[in-house]
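Residue numbers (this note's numbering), protein chains in the order written: chain V, 1 to 110; chain Y, 1 to 893.
These aren't lab readings, by the way, just hints derived from the structure by calculation.
The structure displayed is predicted, hence computed values, not measured ones.
Every residue gets a Cβ at the ideal spot worked out from N, C-alpha and C, and that includes glycine.
Just so you know, not all the hints are guaranteed correct.
Stated by the list, open to error - Okay, the calculated bits of chain V under chain Y, using three or more residues with CB under 8 Å as the criterion:
| # | segment |
| --- | --- |
| 1 | 16-30 |
| 2 | 49-57 |
| 3 | 74-85 |
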Amino acid sequence: MGSEPTTLLQGTLDLLILKSLVAAEMHGLGISRRIQLITGGTFVVKPGSLFPALHRMEEEGWISSYWGDSENNRRAKFYRLTKPGRKQLEAETKRWGRISLAIAQALQAS
Amino acid sequence: MPLFTKARSFLRNIFSPHRGEADLDREVQSYLRLLTDENIRAGMPPTEAQCAARIELGGTEQVKEQVREQQIGNWLRSVLSDFRFGFRQLRKNPGFTAVAVLTLALGIAVNATMFSLVSAFMLRHPPGRNPKRVAVVTSINPGNGFLPDANPVSIPNFLAWREANQVFADTAAADQYRSVNFTPVSQSTAGQPQAIRSAAVSPNYFSVLGVSPELGRTFNDEEIQPGRNRVVILSHELWERQFASDASLIGRAIRLNRENYTVIGVMPSRFHLTGFTPQLWTPLEVTAANQTANARKDRSLLLFARLKPGVTIEQARAEFSALARRAEQDFPEIEKGWGAAVRTFPDFLLYNFGIRNGLAVVMTTVAFVLLIACANVAGLLLARAAGRRKELAIRLALGAGGLRIIRQLLTENLLIAFLGGALGLLLAYWGIAFVRANMNFNEAMSAVPLSLDSNVLLFALAASTLCALLCGLAPALNASRTDVNNNLKEEGRSSSSSHSHSRLRTTMVTCQIAVALFLLVGTGLLFRGIFMIEHQNLGFRADHLLTANVVLDDARYKDASQQSLFVRSLIPQLAQLPGVEAASATSDLPAAGPGTVTFRVQGQPEVPANQQLSASDNVVTTDFFRTAGIPLLRGRAFTEQDTPLAPRVIVVNQEFVNRHFHDQNPLGKQIQLNVSGTASQWSEIVGVVGNVKTYSEGIIDDPQVYEPFLQRPISSFSLMLRTGSDPSALASPLRTAVAQLDAELPLANVMSMSALIDRQKGGNPFFVRLLASFAFLALILAGIGVYGLIAYSVGQRTHEIAIRMALGAKRPDVLRMILRDGMKMTAIGAAVGLALALPLPRVFDAIFYGLHLREPRLYFLVPMTILVVALLATYIPARRASRVDPMSALHQD
Numbered sequence: 001m002g003s004e005p006t007t008l009l010q011g012t013l014d015l016l017i018l019k020s021l022v023a024a025e026m027h028g029l030g031i032s033r034r035i036q037l038i039t040g041g042t043f044v045v046k047p048g049s050l051f052p053a054l055h056r057m058e059e060e061g062w063i064s065s066y067w068g069d070s071e072n073n074r075r076a077k078f079y080r081l082t083k084p085g086r087k088q089l090e091a092e093t094k095r096w097g098r099i100s101l102a103i104a105q106a107l108q109a110s
Numbered sequence: 001m002p003l004f005t006k007a008r009s010f011l012r013n014i015f016s017p018h019r020g021e022a023d024l025d026r027e028v029q030s031y032l033r034l035l036t037d038e039n040i041r042a043g044m045p046p047t048e049a050q051c052a053a054r055i056e057l058g059g060t061e062q063v064k065e066q067v068r069e070q071q072i073g074n075w076l077r078s079v080l081s082d083f084r085f086g087f088r089q090l091r092k093n094p095g096f097t098a099v100a101v102l103t104l105a106l107g108i109a110v111n112a113t114m115f116s117l118v119s120a121f122m123l124r125h126p127p128g129r130n131p132k133r134v135a136v137v138t139s140i141n142p143g144n145g146f147l148p149d150a151n152p153v154s155i156p157n158f159l160a161w162r163e164a165n166q167v168f169a170d171t172a173a174a175d176q177y178r179s180v181n182f183t184p185v186s187q188s189t190a191g192q193p194q195a196i197r198s199a200a201v202s203p204n205y206f207s208v209l210g211v212s213p214e215l216g217r218t219f220n221d222e223e224i225q226p227g228r229n230r231v232v233i234l235s236h237e238l239w240e241r242q243f244a245s246d247a248s249l250i251g252r253a254i255r256l257n258r259e260n261y262t263v264i265g266v267m268p269s270r271f272h273l274t275g276f277t278p279q280l281w282t283p284l285e286v287t288a289a290n291q292t293a294n295a296r297k298d299r300s301l302l303l304f305a306r307l308k309p310g311v312t313i314e315q316a317r318a319e320f321s322a323l324a325r326r327a328e329q330d331f332p333e334i335e336k337g338w339g340a341a342v343r344t345f346p347d348f349l350l351y352n353f354g355i356r357n358g359l360a361v362v363m364t365t366v367a368f369v370l371l372i373a374c375a376n377v378a379g380l381l382l383a384r385a386a387g388r389r390k391e392l393a394i395r396l397a398l399g400a401g402g403l404r405i406i407r408q409l410l411t412e413n414l415l416i417a418f419l420g421g422a423l424g425l426l427l428a429y430w431g432i433a434f435v436r437a438n439m440n441f442n443e444a445m446s447a448v449p450l451s452l453d454s455n456v457l458l459f460a461l462a463a464s465t466l467c468a469l470l471c472g473l474a475p476a477l478n479a480s481r482t483d484v485n486n487n488l489k490e491e492g493r494s495s496s497s498s499h500s501h502s503r504l505r506t507t508m509v510t511c512q513i514a515v516a517l518f519l520l521v522g523t524g525l526l527f528r529g530i531f532m533i534e535h536q537n538l539g540f541r542a543d544h545l546l547t548a549n550v551v552l553d554d555a556r557y558k559d560a561s562q563q564s565l566f567v568r569s570l571i572p573q574l575a576q577l578p579g580v581e582a583a584s585a586t587s588d589l590p591a592a593g594p595g596t597v598t599f600r601v602q603g604q605p606e607v608p609a610n611q612q613l614s615a616s617d618n619v620v621t622t623d624f625f626r627t628a629g630i631p632l633l634r635g636r637a638f639t640e641q642d643t644p645l646a647p648r649v650i651v652v653n654q655e656f657v658n659r660h661f662h663d664q665n666p667l668g669k670q671i672q673l674n675v676s677g678t679a680s681q682w683s684e685i686v687g688v689v690g691n692v693k694t695y696s697e698g699i700i701d702d703p704q705v706y707e708p709f710l711q712r713p714i715s716s717f718s719l720m721l722r723t724g725s726d727p728s729a730l731a732s733p734l735r736t737a738v739a740q741l742d743a744e745l746p747l748a749n750v751m752s753m754s755a756l757i758d759r760q761k762g763g764n765p766f767f768v769r770l771l772a773s774f775a776f777l778a779l780i781l782a783g784i785g786v787y788g789l790i791a792y793s794v795g796q797r798t799h800e801i802a803i804r805m806a807l808g809a810k811r812p813d814v815l816r817m818i819l820r821d822g823m824k825m826t827a828i829g830a831a832v833g834l835a836l837a838l839p840l841p842r843v844f845d846a847i848f849y850g851l852h853l854r855e856p857r858l859y860f861l862v863p864m865t866i867l868v869v870a871l872l873a874t875y876i877p878a879r880r881a882s883r884v885d886p887m888s889a890l891h892q893d
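Next up, chain V with everything else stripped away, as it sits in the complex (with noise of 0.2 Å):
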């Protein structure tokens, strides 16, 4: 089943934008599409909340943008990681681990 990141799960949202450009850089179906794979088919992100998310950290400078062309030579929009992007997403990283060990070690407790 695909389950939608809310917004609540924001921060998750540009957490896994931001690891999906590790690899390379993407335009946004790719984006869209690499974060399918990684989770696992897990997340299906939507344009809705992909495009905003986007827009939102080019905004903030964890990523910056330009045209290019895709595979079928199509003109598209692509994304790369930016050097405070690569902090963020060592922060962010750190972080979600603290907090999902938390959580796992509240559900163990009796």
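Dock chain Y against chain V, hints included.
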């Protein structure tokens, strides 16, 4: 740097959104194409691939809007776009915009104009350092009178309380109501003596208030001693006007009260106290004579004191109540019943000017006018909202949030309100100029700086915003609850969903009518009261009389015999001037508020000091009654034989006889008068004259006593000259005649009796006319409200009317139907307004003491006027309704 990137994005989003828009559009389109390609690769046929792609995208506009919504600076961009949209809407409906803006402009203009008064009186800071920490101490007069607890304090009390109190760091005193004779001495000008308002102050007066002189210095402690006190500080206005701002004046002498006074300082121009207008200050001399027990009766000082740090005004109040009680115990005959009041400086100035109630009435009236204006505009907005139902339904269907729609509608209303406010400020500018030009009843009023200042601007801004909220709230709330489905359907002339609209509007118009009626009845009563007071018989002939005030100063007229001599020499001279029919002098002009005296009637039992009978008391020369045109009813008036050596005589008025002698013959009865400063003497009543009103504004007749001048000379009196022609023509001969006797003696207030009475009326006629114009404005606005509502409902009901006519109704029937609806609404409003206006006469009884205003005609006239106005307002659209051509109306949709 995230902040830098964000700032850059913000500016780019606001100022060049088009590039971003184009880019976003291209990006979304490219996404669609890539998705379509993906679907084709997966095996879908091209059209189906595109369809599936679109479905997965979920709507191009929605996606773009979602991106826009969380862009930095989006709030500002959407607000700006709301404003642009609002402007377009207003331009498309110029008629509506003009009416709405003009209505609000009128309401805001009258409010801003009147608020300038509030700003000038209540929001001005008094001069000096930290005026809220300055306290003003006054006495509380146990008798009635104007502002009984702002009475001055006696010198002995000042000295005692200054030493005894624990709450003030420094206490100063000022005698604010003095007058000096000023003789300009210069080569060029004629040098006519003038009487100038002055104040005598203790040396620490200026330092207590915290004001420094602009030039020179203030008084030092030595200068209150006799011999050292011929020094004076000038006001800025006097220095400019009389001495051409000559800075070398410091150290030079000017001539006051026949003596040379050295100018030691000039006060800055901003040193104005509301209601007090001394042109110069002299030191307050305190001698042994001022400290006797008798001197306690002479109350002339206002005390200004700076509170010690940490002391509150309530503590000061309590302390001085105790001090006043101690004075009562120590000097019971004089101080019985007298208390002490303590106020902060700003409060005192406001209280002393006595305008607070008047301001409250005025501001309430204009607030009502504004409410009526807002109701009109709200009605207009509701009508327009009903016409935009489809547009709003479409926007809701396209995904606009309810909040967003409310915000956009409020923006439109804010535009209308601010346009109305701006136009209103322009009108207010002229309005304030008009009020200022007409508000020159006396010196104190003319000195008030009335202008369109920052307070008025802020007030207009606040009023506009309030209007926007008031007018726009109802339609906005209605709009957000629009039933999308029903409104998008083809509905023809269904008026079902406008039911709540029309009920709301009907209620508003009914309220408008009620308020307009209330205001009209109120001003009608005020008008009637003022009219009755202005046109009552004062008891003397005020026409063709020239008056002037004379104060014989101590320098040359210390003795009673000197005063007598002056008057005995002057009056015959005046009587011989060409054009003069009669001349006399009197301690107080008729109907100008005389002094009072207590007395005993021989043969009646003695009463304790504070329950003695009192009457008003005038000292007059022999020809007074003839000059003033007061009829002599019995006995005789005064003659040259009533000298100090002859038996003492008095004349009383008819009211005196009515109260104290009933049916007996008063002639020959003996009265003992207690005049402060002289021994009580028994006088015989030799004549009875007609009643003269104590004040030109008064209504009740008081008992009056007249004494002959020769038997009790006074130093301060008024001259009266009766002439057959224009009184002002006698002004110059009068001055010359007085100058011949004494070149340095000034004449003050040389004016005709009618001009003086006009001046005494003060601002009342002007204010009442102002209020009346506001009430009429309210009526006109309410009439427009009625017209608007009926016209609109007629427009809505054209279909229904057409059907009725097709079914057989005639034109008069339709006319009657519409008229009936309109008049029903008006009648309810009028009834409510009348009910509200019923308690008004009792309220006015307190203002017009003794007048007992009962005007049943008003309660008939005003509702009739309103019904006529409403009838007219209803008739015009009703006639249009009756002209409806049933066929074309039914075919129209």
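Indices of hints not satisfied (ascending) = none
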